[in-house]
Structures are given as C-alpha cells and as structure tokens.
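K.L.:
Below are the chains, spelled out letter by letter.
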Amino acid sequence: GQQVMQIPQYQHVQEGEDFTTYCNSSTTLSNIQWYKQRPGGHPVFLIQLVKSGEVKKQKRLTFQFGEAKKNSSLHITATQTTDVGTYFCAGPAYNTDKLIFGTGTRLQVFP
Amino acid sequence: EPEVTQTPSHQVTQMGQEVILRCVPISNHLYFYWYRQILGQKVEFLVSFYNNEISEKSEIFDDQFSVERPDGSNFTLKIRSTKLEDSAMYFCASSVTSGVSYEQYFGPGTRLTVT
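Residue numbers (this note's numbering), protein chains in the order written: chain C, 1 to 111; chain B, 112 to 226.
Check before you lean on any hint, since a few could be wrong.
Pairs of lysine-lysine residues, derived as DSSO-like cross-links and limited to a Cα-Cα distance of at most 27 Å, are as follows [what the hints assert, rightly or not]: (1) C:K70 with C:K36; (2) B:K189 with B:K168; (3) C:K56 with B:K194; (4) C:K70 with C:K51; (5) C:K57 with C:K70; (6) C:K56 with C:K70; (7) B:K189 with C:K51; (8) C:K36 with C:K59; (9) C:K70 with B:K189; (10) C:K36 with C:K57; (11) B:K194 with C:K70; (12) B:K153 with B:K168; (13) C:K36 with C:K51; (14) C:K36 with C:K56; (15) B:K194 with B:K168; (16) B:K153 with C:K36; (17) B:K194 with C:K57; (18) B:K189 with B:K153; (19) B:K168 with C:K36; (20) C:K59 with C:K70; (21) B:K194 with B:K153.
For the chain C half of the interface with chain B, some residues (derived, Cβ under 7 Å), not all of them [what the hints assert, rightly or not]: (22) R38; (23) P39; (24) H42; (25) Y94; (26) F101; (27) Q108; (28) V109; (29) P111.
Calculated directly from the structure, the hints in this document are not laboratory data.
Where a beta carbon is used, it is the ideal one built from N, C-alpha and C, also for glycine.
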C-alpha cells in the first residue's frame, strides 16, 4: 500500500538554529498537507500544497512540494522553543477519501 | 473559533468490553473522520463518513468497529469487544468538504486504555 515516510525521525536543535524535515511518498500525490502536533496535543493543520514545485511561506516556515509531487519539505528558520512538537506531512491515497500521514519528525528545541 | 469536541478525554476499559467514543464535529462541516495514534507513533486513518454513510475505511477498521451519526451533531465510534492493542489515542476530525482536498480540524482526542 501507499507509504509516506519522513526523515529525520527526531531532531534536537539549539534555539536559533534552522530545521528541515523531509517527506517522501511511494506514490504521486494530488496534494500534500502539513500538520503540527504539540506534545500531548492533537494535529493542527498548517498548510496545503497542490501544484508541482509549489513553495509557500508562513513567517519562519517554508513549505515545498516536489516537481514530481512525491516529496515535500518543511524548513523552519531560526527555531524558537514554541516550534517544539511533531511535524507530520499527509497526503491522500490515490482516488480515495483517505488521508495517509507520514511517520512524523519530532522537533526538540533547547533554549 | 469553532472546534471539534470529544468525550470522554480518557476511557479505561477491560478487554472484551464495548466502548463508545463521542465527537461533536464543527457544525457546518460535512465530512467526518476517525483516526487513531498509538503512543509515539504516527496518526492512522480509520474511517471517513459522509452523507450518513462510510465513504472509506482502512484495514484497521474491521467488524469490531462501527460509526454512527445518531443525531444532527454527534458522531460516534464504537468498538464492540476491545482488545489490548486497541489502546491508543482516538482523534475525530471534520472538514467542510472533501477531506483530502481541504484542511481537517482535529478534536483533542480520547485516550483509550484497555486493560
């Protein structure tokens, strides 16, 4: 079946350092969504990318959708302690109403 | 801001017992979902529901699971005979329209512990 993998699994950074998580799907995606889950919390929608090669920015966060629409990345510039959490990408399974979540990257930021 | 609510926040049950997890989706949303997350792992899709019927379900969603929208506001997940491996966080989500094309709003979750 379709798989969505993310690397790295964990990332510990010093506050102010940059962070990137990479998302790879085994199949082409019609769109990719990113969610953030704080420790003990629930997933919260961050953004959706639809077009091949699309790049979107939200303040210090930059999201990219690959040209082949099989991979995506999230880059955070100058991390802050409020960025702590697990970042999940999620894409729809082909021709279904099912959202497949990636394996997640847990970000820890040390002050 | 409207939000998805879920009750209870924590449910402890014995193996073999039936549990019902409850959710109130956002009022103008049309698509509803249940996901589960085993501690420390990824979020796994269970089922999607639209127009009073299941539109999609995963391999996890076997005959022990059922969903219902008993009235205009609640959306429930029933597990008929719980197993130890059903212990997980269960999230309800809703979206205004076709969920895989639009953002999904997640509830705070119900932590199910099967002993």
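K.L.:
Would you list, in rising numerical order, the hints stated earlier that this structure does not obey?
P.N.:
3, 7, 9, 11, 17, 22, 23, 25, 27, 28 and 29
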